[in-house]
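**Student:** Going down the list, the protein sequences come from chains A and B.
Numbering-wise, the first sequence is residues 1 to 159 according to the working numbering.
Numbering-wise, the second sequence is residues 1 to 840 according to the working numbering.
Derived from the structure by calculation, the hints contain no laboratory data.
Glycine included, C-beta positions come from ideal geometry on N, C-alpha and C.
A couple of the hints might just be wrong.
Here are the computed distance ranges between Cβ atoms for each label pair [as the list claims (entries may be wrong)]:
#: 1; chain 1: A; residue 1: ILE155; chain 2: B; residue 2: HIS134; range: 34 to 44 Å
#: 2; chain 1: B; residue 1: ALA785; chain 2: A; residue 2: GLY58; range: 30 to 40 Å
#: 3; chain 1: B; residue 1: ASP116; chain 2: A; residue 2: LEU104; range: 34 to 44 Å
#: 4; chain 1: B; residue 1: ARG796; chain 2: A; residue 2: PHE138; range: 53 to 63 Å
#: 5; chain 1: B; residue 1: GLU253; chain 2: A; residue 2: GLY58; range: 45 to 55 Å
#: 6; chain 1: B; residue 1: ALA136; chain 2: A; residue 2: ASN57; range: 17 to 27 Å
#: 7; chain 1: A; residue 1: ASP87; chain 2: B; residue 2: ARG796; range: 30 to 40 Å
#: 8; chain 1: A; residue 1: ARG54; chain 2: B; residue 2: ARG796; range: 52 to 62 Å
#: 9; chain 1: B; residue 1: HIS134; chain 2: A; residue 2: GLU82; range: 23 to 33 Å
Under the rule of at most 20 Å between Cα atoms (straight-line distance), these lysine to aspartate or glutamate pairs were calculated in the EDC-like manner [stated by the list, open to error]:
#: 10; chain 1: B; residue 1: LYS137; chain 2: A; residue 2: ASP85
#: 11; chain 1: A; residue 1: LYS98; chain 2: B; residue 2: ASP102
#: 12; chain 1: B; residue 1: LYS618; chain 2: B; residue 2: GLU297
#: 13; chain 1: B; residue 1: LYS137; chain 2: A; residue 2: GLU82
#: 14; chain 1: B; residue 1: LYS137; chain 2: A; residue 2: ASP87
One-letter residues, chain by chain:
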Amino acid sequence: MSGLKDVYESAREIGKAMGLTLKTLATEKPITVEYPDQPMAVYPRFRGRHELRRYENGMERCIGCCLCEAACPTGAIYVEAEENDPDNPISPGERHAKVYEVNLLRCIFCGDCERACPTEAIVLGHYIDLASYDRRDFILTKEDLLNPPEPNTIIRPAG
Amino acid sequence: MSDWITITIDGKEIQAKPGELLVDAAARAGIHIPVFCYHPKLDPLGACRMCLVEAEGRRGKMLITACTTPVADGGVYYYESERAVDARQGTLELILINHPLDCPICDKGGECPLQDQTLEHGPGKSHFWEEKNHKAKHYPLSDLIMLDQERCIVCWRCIRYLEEWEDKPQLGLFHRGGETVIDKFPDGKLDAYTSGSIIDICPVGALTNRLARFSYRPWELEKTPSICTHCGMGCNLRIDSRTHRIRRNVARENAAVNDEWICDKGRFAMGFASHPERLQEPLARINGELRPVSWPEALDRVVRGLKRVVETHGPAAVAAIGSAKLSNEANYLLAKFMRGVVGSNNLDFREGSAVVADPRGIPSLADARDADVIVLMGCDPGEEMPVLANFLKRAVLRGGAKMIIVHPRAIELTQYAAAFINPTIGAESAAFDALTRATLDASDAIIPDWLPEVEEAAQVAGISVEDVREAARLLSQAKRPFIVYGVDYAWGYGARNLVTALTNWVVAAGHGERLGFLHSQANALGAADMGMAPDRLPGHRPLSDARARRELEARWQTEIPTQPGLSYGAMMASTPDRIRALYLMGADPVGEKPADAKALAELDFLVVQDMFLTESAKLADVVLPAASYAESRGTFTNTERRVQRAPQAVRTVGKSVADWAILMHLARRYAPDKKDAWDTPSVDAIFAEIAEVVPAYRGMSWENLGESGQQWPRDAVSLSRELRPHSGAAIPPSPDYPFRLVVGSLLWDGGTVFAATPQMAGLARQAAWLHPDDAARLGVQEGDAIEIRSRGGSIRTFAHLDPSIKPGSVFAPYSFPAAPVGNLFDDYVPRTSVAIEKVT
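With the sequences and hints as input, model every part of the structure.
**Tutor:** Here's what the structure looks like:
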């Protein structure tokens with residue numbers, strides 16, 4: 001008795017779902033994005049490829065404190081710090097990063113580095129074209145990070 | 001437990017030692033009262049107020065500093081009471097008012113007591129929002145230490161360390177209140193040899209290591225408990241590395257050796273490990289030029305080269321020089337290779353068999369700290385072993401010990417000496433005869449007829465009779481004397497007589513068993529233990545001991561030649577006549593004595609196994625790149641016979657290989673039939689073999705050496721000490737060479753290992769030290785270029801005028817490559833006479 005009722009209930013649910021599909025098919029346009037011919041839409045807080053930022057005066061924000069490295073759960077970041085030349089400082093204060101590397105093959109894009117950074121130097125940007133034929137390309141150097149490529153994305157309005 | 005008293009903290013009864021500080025008693029009971037200014041090795045001060053607790057007193061509860069309060073029997077204290085907690089939070093808030101928030105770029109961040117205690121005991125918020133005080137940041141106190149005055153919390157630890165341990169008050173507090181800063185005194189310098197210790201004990205990031213600046217964050221360091229190999233003390237330290245590069249060295253506690261201090265050489269001179277000029281791959285001379293070759297080819301070339309010489313000139317034409325800076329394992333295998341595979345006893349190292357050393361070193365370093373009389377003869381701990389020098393100063397200043405110094409020149413410790421005896425150079429044995437006679441005169445012992453009168457001997461030695469009697473009296477009355485002699489009186493012409501003479505004095509005073517030799521090199525004692533001597537087998541057993549030979553022969557699958565080999569000096573002197581092939585491991589005879597380059601170039605075959613392309617290596621047929629001690633595992637035996645471990649801290653440079661591994665592979669290629677005897681694929685296995693072969697090491701293993709090492713028993717090597725006549729007549733200076741050459745070590749030398757740390761280059765100053773009167777006679781002024789000549793050769797250097805130098809002598813320190821004193825030595829030993837000329 002109850003077996004027959006189950007069959008009926010299930011059929012009704014499937015019918016409802018198919019109904020929604022058919023309704024959407026009729027009323028809404030397809031949302032498939034022809035990436036990379038079309039830009040990808042991402043939310044403002046999307047976590048893409050890392051960038052190192054500068055202050056308006058051109059000084060690097062990164063002070064080489066290695067807190068991102070300490071916060072990184074996968075050991076994807078490697079920093080070597082160095083003392084600033086007082087006559088020709090690279091960052092404000094006494095210390096800057098001589099080496100800053102991110103291993104994108106290890107990175108899980110969790111954003112902990114962003115949160116650990118005391119100067120908002122390392123941020124996860126909106127660039128997402130991360131594929132390459134060479135594994136070495138996945139190690140981002142400080143030079144790569146300071147000069148991020150233009151992302152092929154558009155920012156989706158929040159909400 | 002009858003000596004213990006009971007106190008109460010927060011209602012809990014705990015046991016304490018009478019007179020103990022409350023902070024220590026509480027710590028034993030698991031209550032860790034926060035402190036900044038308090039340090040167990042410094043006198044209590046109560047400057048920071050961080051350790052406030054409440055104490056029950058006659059007028060009710062009051063706040064007291066736990067770090068300055070000795071516990072009272074039945075005392076009642078409150079650590080967790082509301083008032084105490086509030087007081088500590090307030091203190092911390094006050095300390096933090098002006099402390100900058102630059103933890104992210106501070107080298108202390110991550111191991112900072114202020115950070116840790118703020119987290120644990122801080123209020124969590126501050127009432128203050130005003131601008132912080134600004135003071136000097138990154139202000140270099142010296143080439144080695146950086147000060148950040150903003151970070152300083154005025155705990156005085158650095159000031160107290162320099163005063164209490166170094167007796168060199170070189171830092172002080174200036175200004176008042178919130179403006180207070182630490183600084184050097186006007187025109188003063190911070191140049192104490194253990195100044196780096198103040199970095200370790202600074203509870204904030206005010207004092208940081210300039211050489212390691214910004215090169216690490218504490219949490220990312222690989223920490224390897226190791227030892228220092230710069231001198232024979234064998235201080236314990238920790239090598240902190242990252243990405244296989246040594247980032248810094250910090251002191252490691254070993255109560256028996258270095259307490260918890262290391263000197264600045266041990267701390268900062270570590271550049272040798274990652275130096276760009278380190279040898280990266282084996283080199284072989286091909287068509288007259290050193291070219292890189294593979295390891296198998298290099299080893300085959302060594303085997304062929306040595307075999308050719310053995311076949312044409314016999315095994316006795318092959319010689320090897322080891323090194324007192326290398327591990328027991330390296331020296332043992334070199335000795336085993338030479339005796340067991342090549343078949344030659346020509347084995348030695350610089351300052352090896354030519355030095356009349358006590359193979360047992362000194363009785364114990366800890367003795368220095370509670371001695372009542374200290375006797376230093378021909379050694380200068382101030383320059384050779386700064387940490388020991390601090391112990392000795394402290395024994396004098398705090399323990400009331402009397403120090404007797406017999407030395408060819410006034411040394412830094414002379415200012416602490418109750419008696420300073422400065423005998424005429426060349427007539428030192430007369431000085432000791434005078435001391436012996438004065439000692440015997442004051443006792444009822446029988447006086448041997450060969451011993452001269454005090455007055456007569458004192459006159460020969462050019463010393464005052466009062467000093468002699470005073471020194472003799474002090475030593476005779478001593479209960480716990482620390483008596484050492486050093487290489488200055490144990491090496492060179494007349495050294496054997498001199499050591500007999502000084503031993504006589506110590507024996508006459510009744511302390512023969514307490515006399516020791518202070519080895520100045522890291523593993524000089526260990527290398528001798530390993531049989532790196534022409535006539536001694538491992539364990540100091542003579543080559544003539546047939547039983548010892550048979551034991552080794554069975555283990556080494558060989559026959560050991562019975563003919564004693566040549567010593568270092570004899571080897572070099574008979575190169576290239578009798579010696580046709582030379583194997584140098586960590587030795588650089590040409591660097592010591594450039595004049596020998598010609599003889600070495602004429603050898604049939606020269607192998608150099610080293611970290612750098614030394615002057616000797618440039619002449620070699622094959623150069624084998626060796627790993628530094630930090631890149632290989634090994635044991636070292638310090639001057640108190642303490643065998644200590646130095647594990648591998650970082651990986652090797654390029655294709656360099658650990659010394660032991662080079663020798664093992666070489667031996668296996670040289671003698672495939674002795675494979676079983678060379679089945680020692682690890683340092684642990686070699687050390688296990690050493691523990692079986694060297695009687696004194698019996699029972700030791702890599703594991704049971706532990707982190708603080710093990711001493712081999714002093715009675716494992718017996719030495720009889722008795723009054724003995726000697727033939728040490730005074731050596732008169734020759735008219736052609738009117739000056740006596742005094743040699744010795746300076747902490748800041750210019751040697752290979754030290755020069756590899758370029759940041760320290762400014763500390764070393766090459767000079768020869770002259771008395772101003774002598775200089776005036778020669779027309780020489782401070783800094784003038786001078787030439788020093790001896791029968792053997794000459795060097796050029798600069799004059800430094802110092803009244804502490806004995807007139808008629810010149811002090812020329814070792815290890816300045818531009819002024820190699822070895823050139824002046826006759827027969828490769830010091831104690832010679834020289835002439836000095838101004839270079840115009």
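**Student:** Does each hint hold? Answer for all of them.
**Tutor:** How the hints compare with the structure:
1. ILE155/A - HIS134/B: 34 to 44 Å: holds, 42 Å
2. ALA785/B - GLY58/A: 30 to 40 Å: At 51 Å between Cβs, range violated.
3. ASP116/B - LEU104/A: 34 to 44 Å: Given about 35 Å between the Cβ atoms, the range holds.
4. ARG796/B - PHE138/A: 53 to 63 Å: holds, 58 Å
5. GLU253/B - GLY58/A: 45 to 55 Å: Given a distance of about 48 Å, which is inside 45 to 55 Å, the answer is holds.
6. ALA136/B - ASN57/A: 17 to 27 Å: holds, 25 Å
7. ASP87/A - ARG796/B: 30 to 40 Å: Given a distance of about 38 Å, which is inside 30 to 40 Å, the answer is holds.
8. ARG54/A - ARG796/B: 52 to 62 Å: The hint (52 to 62 Å, Cβ to Cβ) holds, given that ARG54/A and ARG796/B are roughly 54 Å apart.
9. HIS134/B - GLU82/A: 23 to 33 Å: holds, 24 Å
10. LYS137/B - ASP85/A: holds, 14 Å
11. LYS98/A - ASP102/B: holds, 19 Å
12. LYS618/B - GLU297/B: holds, 19 Å
13. LYS137/B - GLU82/A: holds, 16 Å
14. LYS137/B - ASP87/A: Holds - the C-alpha atoms of ASP87/A and LYS137/B are around 16 Å apart, at most 20 Å.
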